[in-house]
Amino acid sequence: MAVVSTPNASSVKVKFDHGTDLNGDRIVKTKTFSSIKSGASNENIMAVVNVIASMQQHTLSGTNRVDNSSLSE
1 MAVVSTPNAS SVKVKFDHGT DLNGDRIVKT KTFSSIKSGA SNENIMAVVN VIASMQQHTL
61 SGTNRVDNSS LSE
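According to full-length UniProt numbering, the residues represented by the sequence shown are 1 to 73, in order.
Treat the hints as calculated values from the structure; they're not laboratory data. Treat the hints with care, as some may be off.
Stated by the list, open to error - Distance windows between CB atoms, simulated:
hint	residue 1	residue 2	range
1	L22	S72	45 to 55 Å
2	A2	Q56	37 to 47 Å
3	Q57	V3	39 to 49 Å
4	L71	N23	36 to 46 Å
5	V3	G24	41 to 51 Å
6	S5	A47	22 to 32 Å
7	S54	T6	28 to 38 Å
8	D21	L71	39 to 49 Å
9	G62	S41	14 to 24 Å
10	D25	V4	39 to 49 Å
11	M46	N68	14 to 24 Å
12	H18	E73	42 to 52 Å
13	N64	G19	13 to 23 Å
Unchecked claim - Calculated pairs, DSS-like style, for lysine-lysine (alpha carbon to alpha carbon, straight line, at most 25 Å):
hint	residue 1	residue 2
14	K31	K13
15	K13	K37
16	K13	K29
17	K29	K15
18	K15	K31
19	K15	K37
Please read all numbers here as calculations on a predicted model, not as lab measurements. Just so you know, even glycine gets a beta-carbon here, dropped at the ideal spot from N, CA and C.
Whole structure, please, built from the sequences with the hints as guidance.
Following this line, the structure appears as structure tokens:
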């Protein structure tokens, strides 16, 4: 039997550099934005992330797109 994959809403994890702690270890905080349309292009998502990052006091250090799918037979 064939397995069918149905895309669900995606999410984006945006990481911000908050400097270092007293031990010199890097502090990175993550903000997750969920319920992003699965058909949204990577370019559009990155454009929105860049606008959000420009309004933050901390530096953008990474962006991860997380795609989810439902599987059925």
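Quick rundown of the hints versus the structure:
Between L22 and S72, the C-beta spacing of about 51 Å keeps the proposed range 45 to 55 Å intact. Remark: the range hint 37 to 47 Å for A2 to Q56 is upheld by a beta-carbon distance near 45 Å. Under the hint 39 to 49 Å, the C-beta atoms of Q57 and V3, about 46 Å apart, fit the expected range. Range check, L71 to N23: about 43 Å between beta-carbon atoms, so the 36 to 46 Å window is met.
A hinted range of 41 to 51 Å holds for the C-beta pair V3 and G24, which are about 48 Å apart. For S5 paired with A47, a C-beta distance near 27 Å keeps the hint of 22 to 32 Å intact. Checked against the hint of 28 to 38 Å, the C-beta distance between S54 and T6 comes to roughly 35 Å, which is consistent with it. Roughly 41 Å separates the CB atoms of D21 and L71, a value that falls within the hinted 39 to 49 Å.
Taking the beta carbon of each, G62 and S41 are about 19 Å apart, inside 14 to 24 Å as hinted. Between D25 and V4, the C-beta spacing of about 45 Å keeps the proposed range 39 to 49 Å intact. The hint said 14 to 24 Å for the Cβ distance between M46 and N68, and at roughly 19 Å that hint holds. Checked against the hint of 42 to 52 Å, the C-beta distance between H18 and E73 comes to roughly 45 Å, which is consistent with it.
Between N64 and G19, the C-beta spacing of about 21 Å keeps the proposed range 13 to 23 Å intact. As the CA atoms of K31 and K13 are separated by approximately 6 Å, the hinted pair is consistent with the 25 Å bound. Annotation: proposed proximity of K13 to K37 holds, straight-line Cα distance about 15 Å (limit 25 Å). For the hint linking K13 to K29, the alpha-carbon distance of about 10 Å falls within 25 Å, and the restraint holds.
For the suggested pair K29 and K15, the alpha carbons sit about 6 Å apart, so the restraint of at most 25 Å is met. A C-alpha spacing of about 6 Å is found between K15 and K31, which places the hinted pair at or below 25 Å, so the restraint holds. Simply put, K15 and K37 have alpha-carbon atoms about 20 Å apart, close enough for the 25 Å limit, and the pair holds.
Violated hints for the displayed structure: none, as all numbered hints are satisfied.
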